[in-house]
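J.: The residues making up each chain are set out below.
There are 2 protein chains.
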Amino acid sequence: MANLQASHPELVTAPVAIGAVVREAHKRGETIGLVPTMGALHAGHLSLVETSALQCDLTIVTLFVNPSQFTEGKDWERYPRDLQGDMEKLAGTGAAIVFAPTAEEIYPQGHATTIDIGFLEKILEGRCRPGHFSGVATILVKLFHLIPADIAFFGHKDYQQLKVIEQVVRDLNIPIKIYGCPTVRDKDGLALSSRNTFLSQEQRQQALSVRKSLQLAETLIGQGETDTRVIVSRMREQILTSGDLHIDYVVLADANTLEPVSSVKGPTVALVAVRVGDTRLIDNQTMVP
Amino acid sequence: MANLQASHPELVTAPVAIGAVVREAHKRGETIGLVPTMGALHAGHLSLVETSALQCDLTIVTLFVNPSQFTEGKDWERYPRDLQGDMEKLAGTGAAIVFAPTAEEIYPQGHATTIDIGFLEKILEGRCRPGHFSGVATILVKLFHLIPADIAFFGHKDYQQLKVIEQVVRDLNIPIKIYGCPTVRDKDGLALSSRNTFLSQEQRQQALSVRKSLQLAETLIGQGETDTRVIVSRMREQILTSGDLHIDYVVLADANTLEPVSSVKGPTVALVAVRVGDTRLIDNQTMVP
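Chains as they are written, first to last, in the numbering used here: chain Z, 1007 to 1295; chain E, 1007 to 1295.
If we strip away everything but chain Z, and leave its shape as in the complex, we get:
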C-alpha cells in the first residue's frame, strides 16, 4: 500500500513551493532531473520521465501549456489538457513531483522579457511559427531557474527545439545538462504526438507517409546518394502521392547547425513538417553517410 502511494507524484502548483522542494533536495545531496512538458502525456513523454528516473534521484515533470510559444491563441486554446489523466499516467514512472503552474503565475502582468535565438528562429519550424522558439526558450529559461535541475530531458522528435535548447543553455552559460532521448513511435511508425489525437483514421493512414519519406531518405543515402535535391524530391513525392497532405517543408540539414546542405557529407538530419487537415505534424531522422 505504501509503495503504491509512493509511486504517485506529488502535485505542486506554486512557483515558490517548487523552489523550496528543489532546495531541500539539493540540501540532501540529491540530483534532480527535469522533464518539461505541455501535458497531454503519451508514451514519448513517459519514456523521458523513465530515463530521468534512471539517471537522477528526484524527477520533476512540469505540465504547462505555455501560451508564449503558440503563434495563434486558437491553437493554444484547443491544445489538449488533462491534468488528472496526466497524473494517473505518471504513476509508477518514477516522477516524484509534478509542477503545474497557472499562466498567470508564470507570466504575471508586465512580463516583457523574451529570449531571442537568432538563426534557428528564422528557419523551418521557426519560420512556419513566428515567435514559437522564442516562447519555448523563454519558458525553459524560466523553468531552469525555478527548478535548477542537474539534467533536463527532451525528445528528439522536436529536433529543432532540442537544438534551440542546447544553444540557449550553451550561450547563456546555464548550469544544466541537456539530454536528448530517441523519438518514441506507435507500432505503425507514426511518431507519438499529443496532436495525433486530432487525426481521423484516414488522416492517420496518410500521415504515415512522413515516416516513410524519412526511411526513404535513409535508404537513398545508404545507397550512396548524396545530392539533397534528389533525396528531397523523392521524399516529397512519397508524401504527396500518399493522400491530401500539405507539405510545410522537407529539408536535409547539417545535424548540428541545421544549416541546409546541398550534399550529404557529414551528420545530416532530414526534417519534415506537414499539415493533415487542421493538424500539423513533424518528424525527423538523423543520418550519417
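Just to be clear, a hint being listed does not mean it is correct.
Which copy is meant is left open, so a pair is good if it fits within one copy or across any two.
[Stated by the list, open to error] The list that follows gives simulated cross-link-like pairs (lysine to aspartate or glutamate, DMTMM-like), each with its CA atoms no further than 25 Å apart:
1. K1183 <-> E1110
2. K1033 <-> D1156
3. K1033 <-> E1083
4. K1183 <-> D1194
Rather than coming from a laboratory, the hints here were simulated on the basis of the structure.
Use these hints to put chain E onto chain Z, whose structure you have.
T.: What follows is chain E alone, placed relative to chain Z:
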C-alpha cells in the same frame, strides 16, 4: 604583510575557474556578492564593491568591456581599459576575486542567443543606443549563471539599466537579489563616469549643468510644480544656456516603469542625456512629490 597581501584580489580569467571558486564558496556556506563592471574603475564602482563586502562573505568583481552592448565598434575600442590600475584600485576594498575574461571566452564562435527586454529597449537610452540593453541583459544573464551570486550590486547612475536588470531577473525568475546603490559624485556634483576622463576642463564645466538641471527639477517639484512640460522646459533651458551641449533627452518618467508622465503624482525620475563634444553623459534624480 599577510594582511596587505590578503587585501589584494585574486585575478581569475577562465569561466571554468570562476565556477569552481563559486562552488567552493557555496560549499563553505558563504554568501556571494557580485559587482559587474566594464573596468576603468572610479569611486562609484568602489562604493559598490564596499557595499557588497559589507553585506556578503565573498565579493567578486567582474571587469569585462562587453562588446554586445556597444552600438558602434569604435566606441567599444576607445572605451578605457586598465586591468593593472583596476586591480590596484580594488586592493583594500573587500573584493576577493576579480573575474576578467576575454571576449572570445564569453562570446565564442556561433553565439546567437540574446535577451529581448521589450519596452525598456525602445525608450531613452535604448532608443539612443539600439541593442544596448539587449547586450547588457545578455552579458548579465551569462554572468549570473557563471557566478551564481546571492546579491548583485549596480549603481543608480545608470537608472534605466537598473530597471532593465530588475525586470530581467524578475521575468526570468533568476535567483539573485539586485541591489541599487546611490550615485557617487565628484565634489563639483558631476556624476562619476569612466567617460568623464574624455572631458576637457571647459567641457567638464559645461557638463555640470546636467546635475544643476536635475536639482532645478527637484526644486520646482518641491515648490509644487507638477506639469512635466514646464519642468522639462526649464531643465532644457538650464542645460542649453550653459554651453555647447547637445541634448539627447530630458524626460520625467514613472520611477518604476519609466513610462513618461505628463503630471508629477507619484515617485518620479528625471533623466537627462547629453553629448559634450564626442562624449555622452547621463544622469538622473528620483523624486517624490
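J.: So which hints don't hold here, by number, going up?
T.: The structure conflicts with hints 3 and 4, although it agrees with all the remaining ones.
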